[in-house]
Structures are given as structure tokens and as C-alpha cells.
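Number of protein chains: 2
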Amino acid sequence: MKIALAQINPVVGDVIGNTEKIIGRIEQARAEGASLVVLPELAVAGYPPWDLLLKPRFVQANVEAVRRIAEHCRGVAALIGFVEPNIDPVGRSLRNAAAYCADGRVQAVRYKSLLPTYDVYDERRYFEPGPEVAIVDHGGLPVGVTICEDLWNDEQLVSRRLYRADPISQLAEAGAKLIVNLSASPFTHEKHPYRVRLFGNQARRYGLPLLFTNQVGGNDELVFDGASGAFDARGKLIAQAKAFEEDLLVVDLDAPEANRVEPYPESIVAIHDVLALGIRDYVRKCGFQRVVLGLSGGIDSAVVAALAVAGLGREAVTGVSMPSRFSSEHSKTDAEVLARNLGIDYRVIPIKEMHESVEGHLRPQFAGRPPDTTEENLQARLRGMLLMALSNKFGWLVLTTGNKSELAVGYCTLYGDMCGGLAPLGDVPKMMVYALARHINQRAGREIIPENTIVKPPSAELRPDQTDQDSLPPYEVLDQIVELYINEEKSQDEIIEAGFDADVVRKVIRLIDVSEYKRKQAAPVLKVTSRAFGIGRRMPIAARFRY
Amino acid sequence: MKIALAQINPVVGDVIGNTEKIIGRIEQARAEGASLVVLPELAVAGYPPWDLLLKPRFVQANVEAVRRIAEHCRGVAALIGFVEPNIDPVGRSLRNAAAYCADGRVQAVRYKSLLPTYDVYDERRYFEPGPEVAIVDHGGLPVGVTICEDLWNDEQLVSRRLYRADPISQLAEAGAKLIVNLSASPFTHEKHPYRVRLFGNQARRYGLPLLFTNQVGGNDELVFDGASGAFDARGKLIAQAKAFEEDLLVVDLDAPEANRVEPYPESIVAIHDVLALGIRDYVRKCGFQRVVLGLSGGIDSAVVAALAVAGLGREAVTGVSMPSRFSSEHSKTDAEVLARNLGIDYRVIPIKEMHESVEGHLRPQFAGRPPDTTEENLQARLRGMLLMALSNKFGWLVLTTGNKSELAVGYCTLYGDMCGGLAPLGDVPKMMVYALARHINQRAGREIIPENTIVKPPSAELRPDQTDQDSLPPYEVLDQIVELYINEEKSQDEIIEAGFDADVVRKVIRLIDVSEYKRKQAAPVLKVTSRAFGIGRRMPIAARFRY
Chain A
8 MKIALAQINP
18 VVGDVIGNTE
28 KIIGRIEQAR
38 AEGASLVVLP
48 ELAVAGYPPW
58 DLLLKPRFVQ
68 ANVEAVRRIA
78 EHCRGVAALI
88 GFVEPNIDPV
98 GRSLRNAAAY
108 CADGRVQAVR
118 YKSLLPTYDV
128 YDERRYFEPG
138 PEVAIVDHGG
148 LPVGVTICED
158 LWNDEQLVSR
168 RLYRADPISQ
178 LAEAGAKLIV
188 NLSASPFTHE
198 KHPYRVRLFG
208 NQARRYGLPL
218 LFTNQVGGND
228 ELVFDGASGA
238 FDARGKLIAQ
248 AKAFEEDLLV
258 VDLDAPEANR
268 VEPYPESIVA
278 IHDVLALGIR
288 DYVRKCGFQR
298 VVLGLSGGID
308 SAVVAALAVA
318 GLGREAVTGV
328 SMPSRFSSEH
338 SKTDAEVLAR
348 NLGIDYRVIP
358 IKEMHESVEG
368 HLRPQFAGRP
378 PDTTEENLQA
388 RLRGMLLMAL
398 SNKFGWLVLT
408 TGNKSELAVG
418 YCTLYGDMCG
428 GLAPLGDVPK
438 MMVYALARHI
448 NQRAGREIIP
458 ENTIVKPPSA
468 ELRPDQTDQD
478 SLPPYEVLDQ
488 IVELYINEEK
498 SQDEIIEAGF
508 DADVVRKVIR
518 LIDVSEYKRK
528 QAAPVLKVTS
538 RAFGIGRRMP
548 IAARFRY
Chain B
8 MKIALAQINP
18 VVGDVIGNTE
28 KIIGRIEQAR
38 AEGASLVVLP
48 ELAVAGYPPW
58 DLLLKPRFVQ
68 ANVEAVRRIA
78 EHCRGVAALI
88 GFVEPNIDPV
98 GRSLRNAAAY
108 CADGRVQAVR
118 YKSLLPTYDV
128 YDERRYFEPG
138 PEVAIVDHGG
148 LPVGVTICED
158 LWNDEQLVSR
168 RLYRADPISQ
178 LAEAGAKLIV
188 NLSASPFTHE
198 KHPYRVRLFG
208 NQARRYGLPL
218 LFTNQVGGND
228 ELVFDGASGA
238 FDARGKLIAQ
248 AKAFEEDLLV
258 VDLDAPEANR
268 VEPYPESIVA
278 IHDVLALGIR
288 DYVRKCGFQR
298 VVLGLSGGID
308 SAVVAALAVA
318 GLGREAVTGV
328 SMPSRFSSEH
338 SKTDAEVLAR
348 NLGIDYRVIP
358 IKEMHESVEG
368 HLRPQFAGRP
378 PDTTEENLQA
388 RLRGMLLMAL
398 SNKFGWLVLT
408 TGNKSELAVG
418 YCTLYGDMCG
428 GLAPLGDVPK
438 MMVYALARHI
448 NQRAGREIIP
458 ENTIVKPPSA
468 ELRPDQTDQD
478 SLPPYEVLDQ
488 IVELYINEEK
498 SQDEIIEAGF
508 DADVVRKVIR
518 LIDVSEYKRK
528 QAAPVLKVTS
538 RAFGIGRRMP
548 IAARFRY
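Just so you know, the sequences run in chain order A and B. Read in order, the letters of the first sequence are residues 8 to 554 in this note's numbering. Read in order, the letters of the second sequence are residues 8 to 554 in this note's numbering.
This list has only true hints and no planted wrong ones.
No copy is singled out in the list; a pair is fine if it fits within one copy or between any two copies.
With a cut-off of at most 25 Å between alpha-carbon atoms, the simulated SDA-like pairs for lysine to any residue come out as follows: (1) K62 with H196; (2) K243 with Y271; (3) K527 with R64; (4) K400 with E382; (5) K525 with R545; (6) K62 with N494; (7) K28 with R553; (8) K62 with Y170; (9) K400 with S466; (10) K62 with P123; (11) K198 with K243; (12) K339 with Y353; (13) K527 with R545; (14) K525 with Q296; (15) K359 with G375; (16) K527 with R131; (17) K527 with N494; (18) K9 with A265; (19) K400 with Q528; (20) K527 with I493; (21) K62 with K514; (22) K514 with E495; (23) K62 with R513.
Hints listed in this document are in silico derivations from the structure and should not be mistaken for laboratory results.
Based on the sequences and whatever the hints tell you, model everything.
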């Protein structure tokens, strides 16, 4: 038996477009001899649809779309993720559902049982968990249909079981001969090997082959990595779709050796590819063709420019150097060399005179107070204003270039270098930015990011001879403290006990805590680690704490 | 029997400070002869603590604080809201709990059963619902302890029952003679009469007296209104604490007529008071003493200035007029008159020359394209930059002055007039801003907001002779469409069918949909309506929909 995993990149909310795409995949799967085609979770809506789910007309459009898709399911069956009104008068008004379509109509609907409410997930905001699970009969084959989280409750592999129910064991008990999972599982660094282990473990434990189709593509903060796959009853990975692009993988369960197993890119390659995809999809799905960013000669803007070129092509990127009186010669050269290496449009707009004009008008207000970060921030804000002016005039989306380490400690100017529609590096710690820079040059087989940009001490260049390390600990140390405090929720005392200098830890944590107001107004961040700034981290601002 | 309702204004996260405050109230209640004192939901943590709950040290601090508070419960008992680790190894790791403390220690702990996951609430992110409910024995009186949402599942009054369980009926069945509720119930317009009806209905239906203590004060977007109260067994309101300030209300159940019933301010008065409180608490709890805002001579900035004075005092407010070459004479006069009427610090920083300097530097980039909103936005961004410079130099928090109608349709400049730490009017529709202005003058018994500011046609004054109605429908119409589309989730077709011009509706909805990216980066908005921009409304950005 052949089953097709239709790994699509839907646009959130675009029920009509997504429906066309799904119908196309169903026809292709039939042409390739599949008897069943599996779509991702909420494929009709695009995941995550967020509060579109509160719009009754949107829900209705979903239901109608599934009926229309079902009409195309002749000679092939399909499992399609969609949202369905909950017929029970008590409880949340929706269910996260999968329609089994065959012979031109919806034959059965199954529901997600385990609804995640951690990190970036809010499924209890919309959905009621499914009632008891039941087998789907696919031409005599009893199939156990699950949706994403339903398979992630394996007490052998998760640190804490969040749910009492365990749909896969119930389905196995009910006689399933095959487990299918409709997924929308976003990328995080090092998650793929874990997912493969977890799914393989489930297949082996119940002695059942297991297939899953994952969504692919970027939707705001989240980038879904695809890499849909199939496991045999011993838990061995026998087929894997491409990572980071659409794919239709036809799995032949009777000829496991004949299946396609696409490689999953390693660590830094995956991060590069996911960021390029995240930029492309955010820009395109927002309706933009081109982006613009400031090029400082530093490593963050260089890496963002290279990622934008990887995602959108060099014709779609404009880099702008905006030197001030504190900009070093090498900054200007490094920016120019980078732009030349990438082959992108490059402009220079000096801010010296504008800065003097603004400072002059403010001086009477400042009543003789000495210069401080106020004057530094003015430069960053003038630059943000210029990029936004280009954005407004030409319809280009501004990419902001700050990294996670800066955003953590607030080493960035709100309404200044934080201006932009997307923060591609907002979840990438500084040391990982360096790794990306080296990878970009290695991948190109030549110098894209100037060597000088990589080796020089990082500096905001907002006052003479400034370097980041005047204000911050070395990034090797800072990144580790950020990881422990943000991603692992360790306390100040625990971090100090882990061997870091107590004063440094206290200072870094204080900076992190007082910078919540900046992150509240930050551009969407592409999530790559287990804990990104954004919807997956919800902190109070007007608060007082030290834990 | 006397029971004290200790309506406190906690600081989120400040376990030490909140604990001190709670102990103080317990001692005061004992002095006033109460046998039991009831604190709000999560009183030790402050509601909502958000992801502080994911910090194990924070949870531990909560538990220790309750133990410490219990030691002070001698001669008086207390019910205290706190967060407790879930001892069950399966499920979310915390419970939203109430400790019954008496005779110097925690005697019993009860748990919230109904966990809201709609609007601004994410309780399933942190908490597991309580196991079955049970009575607390308070010196022989069987008390049914509930926490906030536990009482909000009345099928006679809610449009849809979200929960199968109904703690109050279970408690009544178990023999409770009194129902107590620990609340953290944020203000929304017209909610108080509904709350009184709902609680009264519950009391009457079960024939049990019912008391609730509500939190008071602003925590980021949410302002809790207090107005804790008591109902007799026939559902009559027999006691009510003050709205919008801390209070300790001692309720004598045996002498219902003797109790204090504070008035709850009517409609527009309540909105005024809640915004003043929201500003004060946000500013103070963020550690600021003073605020600064731009005064355009228009009604929005005038109302925000007056609210800031009401919340913080006139010494704490600086207004800045930043006229451009398009500013009318009356704008400058109106701003100055307002500042004089309020008695606040007033500055003028003209932006004409700065604007020319920036435009001059951009002209070569613009390659002969005609002026458009780009040049208009430059003015707004220069003003934002100047306010932020004053903020940086003097440590003043910037208040942004945009209203909900503007924020809905994106009639505001990102990084321009949207600059600021708090948006007091971000959930106040324009027509309500007018009502606030009239109320402010009426309350003062003299002209605070110049009559000309109220009667002149609203204008952004970013080009010659501009008025808002060049781009937008009249605010009477716009506000209704916003209400229907945002608050009531009506579809485009439904709104047109309700009698609005089809082209106007389509245009407004398109503007609302394409402005999500601006709201993503907006300052926190003080919630006053049933649906505010912010954490209670989660929309995708890179999406395509029309529903």
C-alpha cells in the first residue's frame, strides 16, 4: 500500500488558496498510485490561525472547504486537518479535527485529544479535546488517526507527562494496524533528531508502522521544517521528506527499502536554511517583494543581509550604510565590501548633519546635562527613521538586525535599530551569529562576509572607541547566562552556583528583567531555540522580582 | 460573624512586598473584630504573574510566603490566593490555590476548578484544574471556597457554558453555608453590574450568602476595579468596597443593614477613574516618577494629559508641543491653553528645521517621486524621537496618545506617534474620547480641555488642510464598525447587512486587517472594552483572509 505525505506550505487564513493546493496534491498523489494522502494539522486554515478561529465565518469557510476537497477524493482517500465546530453545547466551541475523505465525501472525522498550552501553543483558547478516540477504516485497514501533540505524551521521553490520556495506546488497543499523525511541528534547534527518536519509539513500543506529515514554511514567528516521515513497526525511519520546502513523499509500506529518505541538514546548516525560509515566507506572505536593512559593517547586519539574499535573491535586497561621526573607516568599507560580495543594491546616507541638527534643537531642553546614552540613541533612531522612510516610499519591508543576546539585555534602541517588520536573528545568540557567518562563507566557497567583520571586536559605534564589551561581559559568557536564565528558567543563585561570576550574573539578569518593555514592542522574532522572545514567552512589565 | 474583604493592590512578582501588605491587612481585620479575612486570587504573586510562574524559585517563594503569613493568623483566620506546585506527577505542574490559615498555620488548601483560556486569560498554560471540591471548616461554619472563574459558569447568564463542572453546586450539595470567592477580575466597561447580577443570582439560586474579594490596581494592560462585595442568601448586595482603590471592608453577616455599600461610579466616570489608575500603577510599578507626552492641540493628547494629571498629579507631567510647518495657529494655542489649565510643565520644540534637514538628505534617494505619506510619517517620527530623547535624558516615561479607532485602522505612525511606554487610550474609541473630554471639564467645573479642541474637526496636521475625515469615515460610523468587527467578531457581510455602506465597510476592514503589524509593536494598551488590542487579541500578521 502506498501512502502520500503531502507536506504543504499553507498561507494562514487563505482557505481558498490552501484548498486549491490541497486538491492539487491529492490529484498528484492519485497519479502516483497512492491510496491515501495525509495532509498536515489544520491544513485548510494554515497553522497557527490564532484568533481567526474566533471568527465564525472563518470556521464555516473551513468546513465548506473540506466538503469541496472531499469531492476530489475519488480513487484516492485523504486525511485533512481542519477546524470543526464542537457539537457539544458545553465547552470551547471548536475542535482541532482531521477529516477522512473518500469516494467523494467526508466519511469520518477524528479529533485531537491532547491540546498543548505551553510555549507558543494556546490550543485550549480555541479547542475542546476530542471525545474518545476511534479507528478509521481505510479500505479494510484499521488506521489510528492522531494530530500532532497526541503522540508527544511518551513518559519514556518527555520530562513530565502533561496529559493523563494517551491516544496512541488507546488506538493500538482498539486494533489500529497503522498510526498516522497530522503535524504542525515548528522548527527548534536540535528538535528533529528528538522527534525521530520519539516517533520511532512510539512505533516500536506498539509494534505499528507510523507515518506523519508535517507542515512546512514560515508563519510569523514560527518556521515549520517539514521532514515528514515514516517508521516501520520496529521504529526504523524508512522514509523522510525534504526539510524546509514543500514535498510530496509517496511511502510504499510494502517495499520499505524503495522509499526516499531525504537528509536533514545538520545543526548550523538547518539554522541557516530555516532563517532564510522564515524571511522569505514572512516577506512574501505579508505581500512584500523587497527588503531593506541598515549595514553597519558589523556581523549581525552582514548575516541578516546574507540570509535575506538566500531567502529572496540578491535583487530583492537593499543595504544602507548610515555613517555618523563615530563610524570608523573600516565600518564603511566592510559594509560596502559585503554589499559587493552579495551583489545587492547599496546606498550611503550619512547622518552626521541630521544628528547635529537634532542635537542642536534639543540642547536648550537638556539644560547643560552631560551627553549620555540619549545622544547615542538619537543616532540609532535617525537611522531607523531613514530606513522607514525608504520602506514607506518604495514599499520595502525593513529587516531589523539585532540578535538574541542584545535583545535579552536591552543592548538595542527601541524605535532605533529595533525598527523593522521582522527580526531574523532575534532568537539567535551572538555566538551562533558568528557560526552562521562562518557557515555562509564556507557554503559560498568564498568570502561573502568580510573576514574583518568576523574578527573585529563588536561595537555599536555610538561613541568614540566604544566596544560592546565596555558594557557587557564577553558574548561567550553572556550567551550562557541568557541560555540558563531564559531557556532553562534557572534562578540567579543557581547560575552563580554553576560557576559564573556573581556580579556579572546579577548585572545580566537585572538588564534582562528591566528590558521587558523593549521586547514588548519588538518586531516578530523567528524562533530557533527552545525559548524565543515573542508569544512563547509572556512576561509582566510593571513588576518587581528577582528570582 | 464578621468577615473582612481585604482588597489589595499587589505588585506582580513582589512576593516580599505583597506578603507585608497581606500581613498588615490581617492584623487590621483582627483589630476590627473579623474572624476571617479574604484576600484576592493569587494575592501573594499579584495577578496575572504570567511566565514568572515558570520560574521554580518564584513558586517556592510563594509557598514560603504563605507559611509566613499563616504565622500571623492567630485570633483571625485568612483565605489567601497563592500558587502551589501540583503534587500529581501528571498534568501541568501548578495549581491556582487558596490557603485557609488559622491558629498560626495553613490548615487547608483549596483549588480553582475552572481555568479560563479566553480573552486575556491563559490559565491552562500554568495550572491543572483542582481535583474535586471540598468544604473548609471555619470554626464550625462550613465554607465553600471558590476562585474567580469558579463562579462564572452560570448557564442562566453566560452565553455558552465553557465547563462541565460547576463548583458552586457541588459545594452547596456538600453542605456549604457560605460561599467565598477570591477574585482577580479586571475592569471592562459595563462589567460591574453584570458581575453583581451574576454573583447575586448564584447566591439566590443556592440560598447561600456569598462574599468576594477582588484585586484592585493596574498590572500592565489590565486594571482591576476592586468593588469587592457581599450578597445575602436572597442575592441582595449587602456590602460593597470602594472601586479603584484599596479597601478593607468588614462585613457583618448578622447585621446586613449595618454594612458599608460604596457606590460604583457610573459609565464614563468609571472609565476616567480606571484609566487614571492604570496610568498611575503602570508608571509607578515600572519605577518611574514622571511622564512626558506630545501635545498637538488635539483631543487625544488633551485627554491623556488630563488623565495623567488625575493619576499622577500635575507636577509629574510634561507636555511638549512640536509644531511643524503644517501646524495651525490654533493647535499651538490649544496645546498651550490646555497645559496652562492643567498647570503642567510645558515645552515647545519646533520640528520645521529638523524636518527640512531630514527631507533634504532623503531627496536624492527618492529619485523625484512625489511627496506622500513618507514625508508625513517623518514628522511623526521626529516627534517620537524628541519625546524619547527627553525620556532618556530625564527618566520620564512617554505616554502615547492614540485612541482605539486610530489603532484599529492604522491611522498612526509606527515609531512616530506610537512611541511610548503605555497607550492609555488604546482601547478607547474616538467617540468615547470625546465623552471623556466633556466629563473632564464637567468634573473640574471649568474648562480644562479647551472648547476649541473639542469642537474642531480632528486632524493629524501632517499636510496642509488635512482632516481625519479625508481618509476615514466619520468616527460615529468608524467606531461602530470597529465594535462590530473587533469586539463582536462580525463578518464583513454581516456588518454590511446591518446597514453600513458596503464600500466603507470593506475599506475599514481592509485597513484593520493590514494594520496587525503595527499593533504587534504597539505600547501596552489599558483594557476598557470587552476586546482590547494586546494579549487578549492574538492575530496572525503574515496571513491572507477576508471574513
